[in-house]
Amino acid sequence: MTSSNDARTAAAPYQSTGSLEGRTILMSGGSRGIGLAIALRAAKDGANIVLLAKTGQPHTRLAGTVHTAAADIEAAGGQALPIVGDVRSDEDVANAVAAAVERFGGIDIVLNNASAIDLSTTDDIDMKRYDLMQDINVRGTFLLSKLALPALRQSANG
Numbered sequence: 000m001t002s003s004n005d006a007r008t009a010a011a012p013y014q015s016t017g018s019l020e021g022r023t024i025l026m027s028g029g030s031r032g033i034g035l036a037i038a039l040r041a042a043k044d045g046a047n048i049v050l051l052a053k054t055g056q057p058h059t060r061l062a063g064t065v066h067t068a069a070a071d072i073e074a075a076g077g078q079a080l081p082i083v084g085d086v087r088s089d090e091d092v093a094n095a096v097a098a099a100v101e102r103f104g105g106i107d108i109v110l111n112n113a114s115a116i117d118l119s120t121t122d123d124i125d126m127k128r129y130d131l132m133q134d135i136n137v138r139g140t141f142l143l144s145k146l147a148l149p150a151l152r153q154s155a156n157g
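Note that the working numbering has the sequence shown beginning at 0, numbered continuously upward.
Don't read these hints as lab results, they were simulated from the structure.
This one's a predicted model, so the numbers in the text were calculated from it and none came from an experiment.
Among these hints, one or two may not hold up.
[What the hints assert, rightly or not] Listed below are the simulated DSSO-like cross-link pairs for lysine-lysine, each with C-alpha atoms no more than 27 Å apart in a straight line: (1) Lys43 <-> Lys53; (2) Lys53 <-> Lys145; (3) Lys53 <-> Lys127.
Using the sequences and the hints given, assemble the complete structure.
Here's what the structure looks like:
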């Protein structure tokens, strides 16, 4: 089990250097919005970004795919590895962790960015939508963190 002491220990090298140069970030989501903005900023600092997102094909109402995000990241100066997958899938998450380690030699940072939201009132929310939010926001976050933990612990940068 990890503790806040683990987080402080892992954060120490970044606090002293303030640089993401050469660090590898595994992010769920990130093909648009806040996640993409974070990825682009990290790319400008020289980070490697592994994006795990469902958006392999363009969405009719939302801009961007995991592939266009990867191109933007590389244009900003980082290296990118786009992975089409679902944070709710044990297999997809395990494959993303393995691909990150294979391509970049490890994982230094995990960003749990994928999310689902429904702003309906408690009386009105559909339980299928509620289950989706729990699967992505809670289980998906836990799963990505859990499966990436061995690589995070082995990171030379953390």
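Going through the hints against the structure:
1. Between Lys43 and Lys53 the alpha-carbon distance is near 24 Å, which keeps this suggested pair within the 27 Å criterion.
2. Proximity of Lys53 to Lys145 is assessed by CA-CA distance (about 20 Å); at most 27 Å being required, the pair is judged to hold.
3. For the given pair, Lys53 sits about 19 Å from Lys127 by alpha-carbon distance, which is consistent with the 27 Å threshold.
In summary, this structure violates none of the numbered hints.
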